[in-house]
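Number of protein chains: 2
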Amino acid sequence: MTPQPAAAPEPSLVATPVPEAVGPGGPGRGAVPPALVTDLYELTMAAAYQADGIEHEATFELFVRSLPPQRRFLLAAGLDDALDGLASWRFDGDDIAYLASLGMFPRQFLDRLQGLRFTGDVWAVPEGEVVFAGEPLVRVTAPLVEAQLVETWLLNRIASQTMLASKAARVALACGDRSFVDFSARRDHGVDAAMAAARAAWMCGAAGTSLVAAGRRFGIPLTGTMAHSFVMSYDDERDAFRAYARCFPHGVVLLIDTYDTLEGARHAVEVANELAAEGITLAAVRLDSGDLGALAREVRAILDDGGLGGVRILASGDLDEHRVAALLAGGAPIDAFGVGTQLGTSADAPTLGAVYKLVEDADGPKVKLASGKVTLPGPKQVWRLDGRDVLSLDHEEVPGGRPLLAPAMVGGRRTGVESLDRIRERAVAALDALPPALRSLDDADEPLWPVEVSPGLDRLVARVHAGLPGGGGS
Amino acid sequence: MTPQPAAAPEPSLVATPVPEAVGPGGPGRGAVPPALVTDLYELTMAAAYQADGIEHEATFELFVRSLPPQRRFLLAAGLDDALDGLASWRFDGDDIAYLASLGMFPRQFLDRLQGLRFTGDVWAVPEGEVVFAGEPLVRVTAPLVEAQLVETWLLNRIASQTMLASKAARVALACGDRSFVDFSARRDHGVDAAMAAARAAWMCGAAGTSLVAAGRRFGIPLTGTMAHSFVMSYDDERDAFRAYARCFPHGVVLLIDTYDTLEGARHAVEVANELAAEGITLAAVRLDSGDLGALAREVRAILDDGGLGGVRILASGDLDEHRVAALLAGGAPIDAFGVGTQLGTSADAPTLGAVYKLVEDADGPKVKLASGKVTLPGPKQVWRLDGRDVLSLDHEEVPGGRPLLAPAMVGGRRTGVESLDRIRERAVAALDALPPALRSLDDADEPLWPVEVSPGLDRLVARVHAGLPGGGGS
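Residue numbers (this note's numbering), protein chains in the order written: chain A, 1 to 474; chain B, 475 to 948.
Derived from the structure by calculation, the hints contain no laboratory data.
There's no promise every hint is true.
Here are a few chain B residues that face chain A, going by a calculated C-beta distance under 10 Å [said to hold, decoys possible]:
#	residue
1	Leu510
2	Gln816
3	Thr819
4	Thr849
5	Val927
6	Gly930
So the derived label-pair ranges between C-beta atoms look like this [what the hints assert, rightly or not]:
#	chain 1	residue 1	chain 2	residue 2	range
7	B	Glu748	A	Ala97	32 to 40 Å
8	A	Glu452	B	Leu736	33 to 41 Å
9	B	Pro580	A	Gly400	54 to 62 Å
10	B	Asp860	A	His250	57 to 65 Å
11	A	Pro69	B	Ser914	26 to 34 Å
12	B	Gly885	A	Ala301	30 to 38 Å
13	A	Gln108	B	Arg887	43 to 51 Å
14	B	Asp710	A	Val410	47 to 55 Å
15	B	Arg591	A	Pro106	32 to 40 Å
16	B	Asp917	A	His322	43 to 51 Å
17	A	Ala466	B	Asp710	54 to 62 Å
18	B	Gly589	A	Asp304	40 to 48 Å
19	A	Val410	B	Asp919	52 to 60 Å
Stretches of chain B that chain A covers, calculated by requiring three or more beta carbons in the stretch to come under 8 Å of a beta carbon on chain A [said to hold, decoys possible]:
#	region
20	655-665
21	796-808
Positions of the beta carbon are idealized from the N, C-alpha and C atoms, including for glycine.
Using the sequences and the accompanying hints, generate a full structural model.
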């Protein structure tokens, strides 16, 4: 017997009946087809367009409305994933049967979905590029039904990964010439998020990730030490260190804070010297609790006194870019940072206000005028100049500027696939080239990088707002 | 040619070499096998245990160390997903080949992984139950290698979904007798997170979700209106309303804020009255911007004056439990709330400090003493009494209490699968029964629900800390 839900859904707000339970099927079970990663209204709108015979092309742009104060810039990410979904976009027979079971869609719309592919053009800012509020990250031109259906998918993929990369970029800035690795998998918002966090960290110059699945899928080097439970599984901390070092003799990293960090450091020295005869080399010790700055200094002294001047110190434990910066500013002799929760959830700014807006259709440029949510009309390009960006119409040239959006799909086919190495190279170079105002980790109440509007775009805005020909939304 | 990464990884901190690029393969591409959702150190520890002949059983507990101030309670979630992964736990041939390619694992360990299944016992708090800091949500007893390997997976699944359900619970409390629906998919941290958010909202009594994939997988009713772009695709807002209503004549919800909300309301009245003759009924209008409270009042008046007293008002636009509560406290005539970003990212508390700790092995109860991270030894049970919980040893009885942990897997097999309806019923009942101190949405600096320690557990803690027999970690 299936119990009734305790709170009955509101029939007039819910478009579909409460179906028979289809089994619990957890969120993590199996891949979700991109075409179903869509809000219901994308489908209802598409059906209404079709029913009304509206089949023209339309252009939508995906952009972040404003930056959170904790971010001075964004680092574009998620495009490869987003495009992969568009290239494989389809509703299979079971998907169609499910949609039919909702009893709301016209048959001819479901028939159309059955054969639907994404056939549009996509221009996009490559992954690893620095971007700012209001700048289109992705521009989609496609038959209206297709352009509409892909909205939720694109926003989910681009916004979440851009958010993660933008956070990882700050961690990389804080670390400077020290290393960092991604330890976030256990705290991220799901498996998908953990994979994206590892990839985002790697993009920004991380030395590796702890997540094995990310190592396998992306070719990212793996890193790891041991857990406190490992040390606790032996009666003596030194026995735990010996067992681990003998199993992994090259580049051993020992976790020394299970009981007492300084005693742990002395144990590490004792075991390292003892095992040197077996050809085993200690690479580093890891601190994961307490006052990391003070402990690192004391541990450094113990290691140096024990003849282990070359052994490095890895610190972890709820670190973020601010704590890393403070530790380094305080002169903490920490060589590398394991950054987890804060990186993998972008905890200080866990959302980006990304939107996907109609900017042009068969009637010309479009604009949204709702309170506080005004958009700029027309398909646009972003130009990077010295010290500023310019938003232009897509056919304008901005002398001296470098255009950021490039073709990524033509007629539903990807123009190419960038290697993650290439993306990492771009991101690391972009971070290296950041001006001081953007490198600061402090909150910013205002945008610190001017994003100007080109003369052509400015004229179009005036025309559209005046309701003149070539303008919509009057 | 594959470019060199711009920042070379630190060889001594990275256990594995930089492999040849394996292609970009985005985070969202295909399902990730649960066994690979593991930090490298789980594998290195397991290999070291095996190499050292350590094959005893061990018990680990997963709990949240402390609640963020923004949470007065947690709602357990993620168990179905977590157990599903344990039940299907395996490394396939390609996984083993990848691990072998890292050049770090002993052959006999890789051979063992090839046939490894999870054979342990799991006790867990059912999904939808209210829980507090320090209380085990999941207790795993298994051969040490297995118990260790599943850590990252369990933490990722349980912590993120418990976080989402705990946020959704607050939204449900704020809404009271009004409805809410999940609109979060586009802002969530990936597809997995979006599925979990829809499920978590439904658990807590939501009327539906906008995410089609969640509707299909979980049987959750779908809900949706239209986007501003739909309205903008027509020259006249009223034409957009007419087209949509004719395509979906039952329970039409119209978005009225694309240009001017009050004008939109008047247009909705005009179109509703015009289409009534065709048997089309307007169910609701949706506001998505501006001063929602003031607009709702004015829109209500326009609807009532237009003879649409039965048409309801749905509000959305960066809502959270605080804004919903303030709107309702101000008497806003809003009937239902679409809650997105804040719900789906748990934005005010986007992480839970969940940990997975060894509490017992062949030597007896274990404890971790690292600074600020002390754990309670021994396998435990949680008892709910009137106004307090008691943490006991697993074999203790606490008179008058209801035990929260129940067997979920025996010998690697699930004891059963709860329907999502059953989980929802439990969660909604638990929220209905919350005492006033826990219902408050205000921040709390201290725990508001006493979690006491039983006499037996208290004695064990004393023994362990004294380093007496039956205690570890001395």
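Discussion item. Verify the CB-CB distance for Asp710(B) and Val410(A) against the hinted window 47 to 55 Å.
Written reply: This hint is violated: roughly 34 Å between Cβ atoms.
Subject >> Distance restraint hint 57 to 65 Å, applied to the beta-carbon atoms of Asp860(B) and His250(A) >> reply: Taking Cβ atoms as reference, Asp860(B) and His250(A) lie about 58 Å apart, which means the hint holds.
**Asked** Is the hinted range of 26 to 34 Å satisfied by the C-beta distance from Pro69(A) to Ser914(B)?
**Response** holds, 28 Å
**Prompt:** Against chain A, is Thr819(B) within 10 Å by beta-carbon distance?
**Reply:** Check passed: Cβ of Thr819(B) comes within 5 Å of chain A, closer than 10 Å.
- Given the hint of 43 to 51 Å, check if Asp917(B) and His322(A) actually sit that far apart at their C-beta atoms. violated, 21 Å
(Q) Under 10 Å is the threshold here; is the Cβ of Gln816(B) close enough to any Cβ of chain A for the hint to stand? (A) For Gln816(B), the interface hint holds, since the closest Cβ of chain A sits about 8 Å away, which is under 10 Å.
Please test the hint of 54 to 62 Å on the beta carbon pair from Ala466(A) and Asp710(B). violated, 18 Å
Between Glu748(B) and Ala97(A), does the C-beta distance stay in 32 to 40 Å? For Glu748(B) and Ala97(A) the Cβ distance comes to about 35 Å; the hint holds.
Exercise for the section: Closer than 10 Å between Cβ atoms is the bar; does Thr849(B) clear it against chain A? Give me holds or violated. Expected result: The hint holds - Thr849(B) has a Cβ within 10 Å of chain A, the shortest such distance being about 9 Å.
Discussion item. Given a cut of 10 Å on the nearest C-beta pair, is the interface hint for Leu510(B) held or broken against chain A?
Written reply: Status holds, d = 4 Å.
Using the C-beta atoms of Gly589(B) and Asp304(A), is the stated range 40 to 48 Å upheld? Given about 46 Å between the Cβ atoms, the range holds.
- Query: In terms of beta carbon proximity below 8 Å, does the region 655-665 of chain B have 3 or more residues touching chain A?
  - Reply: holds (count 9)
Of the numbered hints given earlier, the model fails hints 5, 6, 12, 14, 15, 16, 17, 21; all others are met.
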